Amino acid sequence: MPQPRTIIQKLWDSHVVCQPEGAPALLYIDLHLVHEVTSPQAFDGLRRRGLKVRRPDKTFGTCDHSTPTTPRELPIMDPVARAQVEQFEKNCREFGIPFFGYRSPRQGIVHVIGPEYGLTQPGMTIVCGDSHTATHGAFGALAFGIGTSQVEHVLATQCLLQSPSKSFAVRVDGHLRPGVTAKDIILALIAKIGVGGGTGCVFEYLGPAIRALSMEERMTVCNMSIEGGARAGLIAPDDTTFQFLHGRPFAPKGEAWDRAVERWKTLPTDEGATYDREVSIDAGALEPMITWGTNPGLGIPITAPVPDPSEAADPVERETRRKALAYMGLEPGKPLTGHPVNVVFIGSCTNSRMTDLRAAASLLKGRKVSPNVRVLVVPGSQQIKRQAEAEGLDRIFREAGAEWREAGCSMCIAMNGDQLAPGEYAVSTSNRNFEGRQGKGGRTFLASPLTAAASAITGVVTDPRTLLA
Amino acid sequence: MEKFTPFESWVAVLPVDNIDTDQIIPARFLKTVSKEGLGDQLFYDWRYDADGNPRPDFVLNRPPGNRAQVLLAGDNFGCGSSREHAPWALIQFGFKAVISTSFADIFKGNALKNGLLPIVIPPEAHARLLRMLEADPLGTVRVDLASQTLTLPDGTEVSFPVDPFARTCMLEGIDELGFLLKHEAEIAAWEQSHPAPVNTLSVNLDEN
Chain A
2 MPQPRTIIQK
12 LWDSHVVCQP
22 EGAPALLYID
32 LHLVHEVTSP
42 QAFDGLRRRG
52 LKVRRPDKTF
62 GTCDHSTPTT
72 PRELPIMDPV
82 ARAQVEQFEK
92 NCREFGIPFF
102 GYRSPRQGIV
112 HVIGPEYGLT
122 QPGMTIVCGD
132 SHTATHGAFG
142 ALAFGIGTSQ
152 VEHVLATQCL
162 LQSPSKSFAV
172 RVDGHLRPGV
182 TAKDIILALI
192 AKIGVGGGTG
202 CVFEYLGPAI
212 RALSMEERMT
222 VCNMSIEGGA
232 RAGLIAPDDT
242 TFQFLHGRPF
252 APKGEAWDRA
262 VERWKTLPTD
272 EGATYDREVS
282 IDAGALEPMI
292 TWGTNPGLGI
302 PITAPVPDPS
312 EAADPVERET
322 RRKALAYMGL
332 EPGKPLTGHP
342 VNVVFIGSCT
352 NSRMTDLRAA
362 ASLLKGRKVS
372 PNVRVLVVPG
382 SQQIKRQAEA
392 EGLDRIFREA
402 GAEWREAGCS
412 MCIAMNGDQL
422 APGEYAVSTS
432 NRNFEGRQGK
442 GGRTFLASPL
452 TAAASAITGV
462 VTDPRTLLA
Chain B
6 MEKFTPFESW
16 VAVLPVDNID
26 TDQIIPARFL
36 KTVSKEGLGD
46 QLFYDWRYDA
56 DGNPRPDFVL
66 NRPPGNRAQV
76 LLAGDNFGCG
86 SSREHAPWAL
96 IQFGFKAVIS
106 TSFADIFKGN
116 ALKNGLLPIV
126 IPPEAHARLL
136 RMLEADPLGT
146 VRVDLASQTL
156 TLPDGTEVSF
166 PVDPFARTCM
176 LEGIDELGFL
186 LKHEAEIAAW
196 EQSHPAPVNT
206 LSVNLDEN
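These protein sequences, in sequence, are chains A and B.
If you count the first sequence from 1, you need to add 1 to reach our numbering.
If you count the second sequence from 1, you need to add 5 to reach our numbering.
There's no promise every hint is true.
The list that follows gives simulated cross-link-like pairs (lysine to any residue, SDA-like), each with its CA atoms no further than 25 Å apart [what the hints assert, rightly or not]: (1) B:36 - A:423; (2) A:441 - B:106; (3) B:36 - A:193; (4) A:193 - B:106.
These aren't lab readings, by the way, just hints derived from the structure by calculation.
On a predicted model such as this, the values are computed, not experimentally measured, just so you know.
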């Protein structure tokens, strides 16, 4: 009998081109996504060497990071960002790569558009010069972020030199209670294992609470794998996956679809396969999570007090926590609920999809955002923007007093003009609360779209369960 | 890539855990389309005040940190985004190696591909080195990649692990893309026997 294998092992085995002696394996990449920020130096490298893009038919581009979320009829006001977006579009044209440009009606965040158009499929290897590439793992793909040197490697050869990662099973048992979401699962995991907890590993998310999630929610979980130190995180495909993909533009059609589904059904981890590491979480015990510090691992249940740094056992950890509290301007010992908020950001590759927007709108409907709070709602793609408008969500947001903007990474990375002022506090549905991440001197509380919307209404950090009907 | 040779250097001490790539180089500097000028933006928000003046107390703004080729950082250095601008900025500032108890995966790979050596040492040795440099900030370390040893200011040696292939590439100045390109025949053969799951050119969604 063949050795039982995890899905991680199967994906690896099926993409090893060769194993040169004394070197890592050549891993074949099925889909390479490119965007404006991490690709220009790679294209320059190709030109310097006189190389072509080996497989433009396995490459796809979109602009998102430095792309403004102001109306598209306006030019890009920041000359440096404009030059970068223009260079990106020029590079794609020169090398024959299909792409969604700044004014494309399909432009969006790279990790949103891949799944949206069915480019992302189970069983694939997917890379992008962006650490949140793990998002695509929600479909049972091995998807991970790479640096610009590796972007050049994949453009030139469609391969990477890679060593296998360790496997890390993340079991999420039980069922989420009302007001608790996929975002809270992943924030709870990172709080449990720490930001370096998954270094060297690929997560496989397992268990009934994961199976019960929609594809969009699964993407939220996989998206933040890197925040737990894992370069990739994935979920074995099932009927939820197949239903999501069916009929999307790049998904297989007709008989090819049937064959693909049969193939995809062989991907899940075999009975009896073992993992290098394991951790369990009880979804039923989770509360809405919020971060208080300056890395995503410094999160707590929203009703819990901010921990006292002196309780940390390790002296460097103690110092790190003190520094985080000082940056955040917080005192330990009391919960964050009631803390004033200046900005609420609903968006990013973590939480900018239809279910996220619907969740936020469910609380904002018929209510007003606090006059003290600026609220930005940034859909993940132009397609999502259209769908949300068709459902009337944009009206709900606008009537509540929120800004309804064009698609992009926006205030998650604050490269495009959407940013916090020094000292401001944001409740943000994005993925990183690092110092200055959302604008120099800005202070970030990471949370779910429900918590963000609840806090927008009250103007202070708010447990969304207090507003749920 | 230049060949990595043994060297002795002062050490810039920044003993903070989980230093993320947004601290190493803030995202607003990533709008560039080149690799140049990033050394000036290294640790920008820690290094300069609101008016853009150097903070005199920051380690990179005073000797010996401003002339050090080795950075001593806390655990899990380089976590966060995949931006290769982080190692580019460190190298352009003048660093050739970073010492920590662990590195984030993507940062480590990016660093090695650019000739910046991530040196992982045990927590005990890390604490010892930190104490020595607190006692004598002008103490030096010696880095020898061939023997995979770090010599501490007191002359004791600590060995460190390095991926053997990355080590060879750094010692001999081999570039990974050149290595990959030599396997064109294997790649082409693999493609012959593995149909593409998706063809990004097969559907024309958009006129750009």
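Verification of the supplied hints:
1. B:36 - A:423: Holds, at about 21 Å.
2. A:441 - B:106: Between residue 441 of chain A and residue 106 of chain B the Cα gap is close to 28 Å, so the pair fails against 25 Å, i.e. violated.
3. B:36 - A:193: Violated. Residue 36 of chain B to residue 193 of chain A sits at ~35 Å, over the 25 Å cutoff.
4. A:193 - B:106: holds (20 Å)
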